[in-house]
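Sequences listed follow chains A and B, in order.
Residues in the first sequence are numbered from 2 upward in steps of one, following my numbering.
Residues in the second sequence are numbered from 2 upward in steps of one, following my numbering.
Worth flagging that the hints you see were computed from the coordinates, not collected in a lab.
We put the CB at the ideal spot given by N, CA and C, even for glycine.
One should not assume that every hint holds.
Heads up, incomplete: computed chain A residues facing chain B, CB under 7 Å, no partners named [to be verified]:
no., residue
1, Gly258
2, Ala261
3, Val266
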Amino acid sequence: MTNLSALFDPKGIIITGVSNHPGKFGFVTLHNILVSGYEGAVFPVGREPGEVLGVPVLGSIDEVPEGAADMVFICTPTSINENLLRQAAGKGVTAAFCAAGGYREAGPEGAEAEQRLVALCRELGIALAGPNGQGVVSTPSKMCAQIVAPYAPAGRIAIASQSGNLVSSFLNMAGHTGVGVSRAVAAGNASVLGIADFLEYFTDDPETAMSLIYVESVDDGREMFERIRPLAEQKPIVVVKGGASAAGARAAASHTGALASDDAVFDGMCRQAGLIRARDVEEAFETAATFATQPLPSGDRVVVVTSVGGWGVAAVDAMADTRLHATKLPDDLMQAIDAKLPPRWSKNNPIDMAGGETRDTIPEILQMVAEHPDVDGVVMLGVGIQSNTAAMMRRGQFYPDHGLERIVDFHERQDARYGQAAAEVSAATGTPIVVATELATADPNNPAPAALRAAGKLCHPSAGRAVRSLHHMAQYSAWRRARGL
Amino acid sequence: MTTLSEAESRRIVSDYGVAVSPFVTGQSTNAIVEAMATNQIAYPVVAKLCGRAIAHKTERGLVKLKLADEQALGAACDELLAAARPDDGDVEVLVSTMVAGNRELIAGLNNDPQFGMTIMVGVGGILAEAIRDVSFRLVPITEVDASEMIDDLATQRLFDEFRGEPAVDRAALVDALVALANLGANEPGLVSADLNPLILVDGKPMAVDALLEYDDPDLTDRAAS
Chain A
2 MTNLSALFDP KGIIITGVSN HPGKFGFVTL HNILVSGYEG AVFPVGREPG
52 EVLGVPVLGS IDEVPEGAAD MVFICTPTSI NENLLRQAAG KGVTAAFCAA
102 GGYREAGPEG AEAEQRLVAL CRELGIALAG PNGQGVVSTP SKMCAQIVAP
152 YAPAGRIAIA SQSGNLVSSF LNMAGHTGVG VSRAVAAGNA SVLGIADFLE
202 YFTDDPETAM SLIYVESVDD GREMFERIRP LAEQKPIVVV KGGASAAGAR
252 AAASHTGALA SDDAVFDGMC RQAGLIRARD VEEAFETAAT FATQPLPSGD
302 RVVVVTSVGG WGVAAVDAMA DTRLHATKLP DDLMQAIDAK LPPRWSKNNP
352 IDMAGGETRD TIPEILQMVA EHPDVDGVVM LGVGIQSNTA AMMRRGQFYP
402 DHGLERIVDF HERQDARYGQ AAAEVSAATG TPIVVATELA TADPNNPAPA
452 ALRAAGKLCH PSAGRAVRSL HHMAQYSAWR RARGL
Chain B
2 MTTLSEAESR RIVSDYGVAV SPFVTGQSTN AIVEAMATNQ IAYPVVAKLC
52 GRAIAHKTER GLVKLKLADE QALGAACDEL LAAARPDDGD VEVLVSTMVA
102 GNRELIAGLN NDPQFGMTIM VGVGGILAEA IRDVSFRLVP ITEVDASEMI
152 DDLATQRLFD EFRGEPAVDR AALVDALVAL ANLGANEPGL VSADLNPLIL
202 VDGKPMAVDA LLEYDDPDLT DRAAS
């Protein structure tokens, strides 16, 4: 396995093609590296001497001190890059991210240049990412070496993508939800390092809990399968595939061939290898964020806890096309809850508290449910509604008089408490608790989603989406159990 | 691409351990009746025209079902042999037990350009390609993989008790899929295989048709084995 530590945690970075034009890749990359707080040495190299963003620009890689940089980020034209790589290798560089385009994607001449680039990197012992890629992000090194935005909060999700756009999407979702990222890399043309190489690195990476990949084309599916399967046993891998097609793979004499769409075969490969396949980009990120921040369920039995009615029904409906099921409430749990709530509560699953909760009821009931041995996972709904009412009171002309200040304060404290309780109880019991409210997107500053975010947990924007994430965890858990893992 | 005849395909599939409905072949009614006696095949039976170049038997009317006695069988044999065309090549009549079962699955193999040999199970019969309730894996597979393939099908009710028939014998179905996967892993030049339908008989899968396709145009060795 190639050692990619110089790519993800370089001690110093050479950036080629830096000028004072703030619209050019070299400038933007230097800017992003500096503003993300990278603490290693930075060596911009360009044709015009002087300073850019307060950093002196070197006229040549020759001026970089020996051994001071181990990564080069390439933003220069194809014609000079081989020469630059030789110079960089001479200074001790062992990893390159080639953001520059003009290679295979640009036609036959570019393809030849790419072949030369690959051969040269092999000769020099340089691990090459790209070319024609957007960059690499690594929060443990506070590094945003990208030709575009954004950076992301630190966390435990590692991302590798065949599309740079999707890296940006995932990083934006990380920023929005607060569930952060360890590493992120766009594979570009993937002429040397591909998705499987990055996954191998992530699997051994102590900063990473799970991986999230976006795949469009699979050149050698069998090789990918053989390489990824042992990795999926060690850490969860969520995959979303673009370009899924319903068309048959070939004009087949057999029914089996006619039924072998790319999508059906890819799906089967994922199930066999233990890859968690998401239906779309949103589901992929939310599932990854759930894997990264929740304990794995040990089965498919789910209890829905909600402060009022309809959301619970929606959650149970959403389980219909998943492996999850709303389990019958065990008698002892039923009695214990009955002692805490007024008689109008639902007395079945979903546990609809029917507004009967007092100050401590929700955290207490959550604890009783999550610690019960016959419950594998919890969906928690209805958080944030007290603060939603409070928000309307705050905005109205009567606030803070008429006792509004006091009740607003109470509502907001309660919702913050519910969010914290979800995080604490799941950590204490080892049972996943997925939380959902549309306020996660409609009003992210509502104290319930805000408290979840502060605790590092994802607040799903709907019950259905929370159920999908939990389903994927249960599916992976079942895959492991079936294989004695 | 060359396809084997149904009889050749059935023998190979059976050699790997997939149950196929009992059958005999012959060029005349007399030969077939004799072989049926030897192999203890009882009426009613199904008769089909069988040859390497013959595909789409149903569409050409080359399948005669529910033959109750020797007279009906004789008439069917004569009709089938008379229906052979010059470009069908060498043909014979295949006669097989009519098996009883309301549930039809499909199982098969396909050498995928990206993933190599793959195995499939799904809801079978003539609507298989319209329903598309299928599940694939990469060959070889373990028993666990086979079991999960069955779980992945949307039509799970097919595997419960059904119209007076017992629930599917999952272990038997798993064994059949693992056996088919072994065929896929070990047959050089195999391009695809169809077992359609794979009928659940008393809950156990039994192939009543088989079609193996190879990329080798000269399959004399394979047929001789």
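Structure-based check of all given hints:
Interface hint at Gly258(A): satisfied, since its Cβ lies 5 Å from the closest Cβ of chain B, which is below the 7 Å cut-off. Interface hint at Ala261(A): satisfied, since its Cβ lies 5 Å from the closest Cβ of chain B, which is below the 7 Å cut-off. At about 5 Å, the closest approach between the beta carbon of Val266(A) and any beta carbon in chain B falls short of 7 Å, and the interface hint on this residue holds.
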